[in-house]
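Asks: Residue numbers (full-length UniProt numbering): 1 to 292.
Accuracy of the hints is not assured; some may be wrong.
Pair by pair, the computed Cβ-Cβ distance ranges are [stated by the list, open to error]:
#: 1; residue 1: 167; residue 2: 215; range: 13 to 23 Å
#: 2; residue 1: 166; residue 2: 120; range: 35 to 45 Å
#: 3; residue 1: 170; residue 2: 135; range: 40 to 50 Å
#: 4; residue 1: 93; residue 2: 236; range: 19 to 29 Å
#: 5; residue 1: 177; residue 2: 232; range: 33 to 43 Å
Hint data in this document are derived by calculation from the structure and do not stem from the laboratory. Since this is a predicted model, take the numbers as computed values, not measurements. The beta-carbon is built from N, C-alpha and C at its ideal position, and this holds for glycine as well.
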Amino acid sequence: MGSSPSKHQPVPIAQVSASPASAKYASNLQPQSGSTPPPSNQGKTRPPPYDVVASYKHRECFDMKPALARTAAEDVLLALQRFDTVLLVDDSSSMTGARWRQAGISLIRLATVAARYDHDGIDIQFLNSKRRASGIKDAEEVQTLFASVSPRGRTPLGARLDEILTEYCNKLKRDSQTKALNLIVITDGEPTDGPETENVILRTASVLDGLHARTAQLGIQFVQIGDDVRARAYLQMLDDGLAQYGVRDIVDTTLSGDGDGLDMDLVKILVGAVNRRVDNRGSQVLTGKLLF
1 MGSSPSKHQP
11 VPIAQVSASP
21 ASAKYASNLQ
31 PQSGSTPPPS
41 NQGKTRPPPY
51 DVVASYKHRE
61 CFDMKPALAR
71 TAAEDVLLAL
81 QRFDTVLLVD
91 DSSSMTGARW
101 RQAGISLIRL
111 ATVAARYDHD
121 GIDIQFLNSK
131 RRASGIKDAE
141 EVQTLFASVS
151 PRGRTPLGAR
161 LDEILTEYCN
171 KLKRDSQTKA
181 LNLIVITDGE
191 PTDGPETENV
201 ILRTASVLDG
211 LHARTAQLGI
221 QFVQIGDDVR
231 ARAYLQMLDD
241 GLAQYGVRDI
251 VDTTLSGDGD
261 GLDMDLVKIL
271 VGAVNRRVDN
281 RGSQVLTGKL
291 LF
């Protein structure tokens with residue numbers, strides 16, 4: 001991914017839903033009156049056919065939100081221009097059925113917005129599948145890539161984070177002007193490779209401290225799919241429990257929403273790990289009470 005500046009101005013977030021692919025895939029976010037909900041996808045490994053949810057309408061971004069909130073959110077999102085955004089999707093066997101469906105919705109929503117601010121496009125990778133894409137700029141590409149992957153196998157989160165973060169840190173060591181990294185991980189729970197995940201995060205934070213890197217040089221956002229309490233506790237530990245080791249905070253955790261449009265939670269997911277104000281005081285920032 002390149003890092004040259006661009007004169008292109010990002011499309012306002014309120015126009016994101018104009019993407020046909022995004023609207024088509026995410027059209028199940030709110031059922032129309034009198035419609036029959038789509039059948040459960042539990043036990044299946046692929047997202048449902050898009051025509052199954054064709055009768056469901058997609059809510060406009062920030063629909064029913066005050067104008068001030070929209071402006072504040074867009075101001076915060078402009079910071080994404082300074083980052084390379086990478087989305088890492090958990091495609092382990094525990095993600096089958098409804099969770100895989102929700103992961104697809106979250107991926108489409110996040111990628112559609114992020115790509116409008118990362119002018120050289122975003123990257124999407126998976127925990128198990130070797131399929132990946134770089135420089136993605138539209139929802140059609142995201143949809144095609146996601147539909148080509150089926151969840152299976154274990155959850156090697158630590159190992160995959162190690163690959164991505166070690167490569168990035170080595171690049172940063174060679175060039176201190178390397179573009180900042182915003183890594184967003186979509187997962188349903190605990191990894192299967194033991195304590196490797198927290199060890200990788202601690203090593204990375206230590207390297208960044210040693211390089212005297214900027215506070216926002218790298219951030220990791222965990223987006224939880226599902227409502228597993230144990231998984232939530234684990235991800236929260238990664239967010240809050242590593243401070244005792246005396247390294248910088250590079251982690252944020254957010255529970256995936258219910259797909260109800262491009263709301264404030266989505267903005268927090270996109271910038272919470274690289275903007276401490278949004279991480280710690282998100283609602284105030286995003287409603288215009290704490291602008292910067």
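Asks: Holds or violated: 19 to 29 Å for the Cβ distance of residue 93 and residue 236?
Replies: holds (24 Å)
Asks: Should the hint that residue 177 and residue 232 are 33 to 43 Å apart at their CB atoms be regarded as holding?
Replies: holds (37 Å)
Asks: Taking 13 to 23 Å as the stated bounds, is the beta-carbon spacing between residue 167 and residue 215 within them?
Replies: About 21 Å separates the Cβ atoms of residue 167 and residue 215, which means 13 to 23 Å holds.
Asks: Confirm or reject the claim that residue 166 and residue 120 have a C-beta distance inside 35 to 45 Å.
Replies: violated (22 Å)
Asks: Could you check the hint for me, namely that residue 170 and residue 135 are 40 to 50 Å apart, CB to CB?
Replies: violated (21 Å)
Hints 2 and 3 from the list above are not met by this structure, while the remaining hints are.
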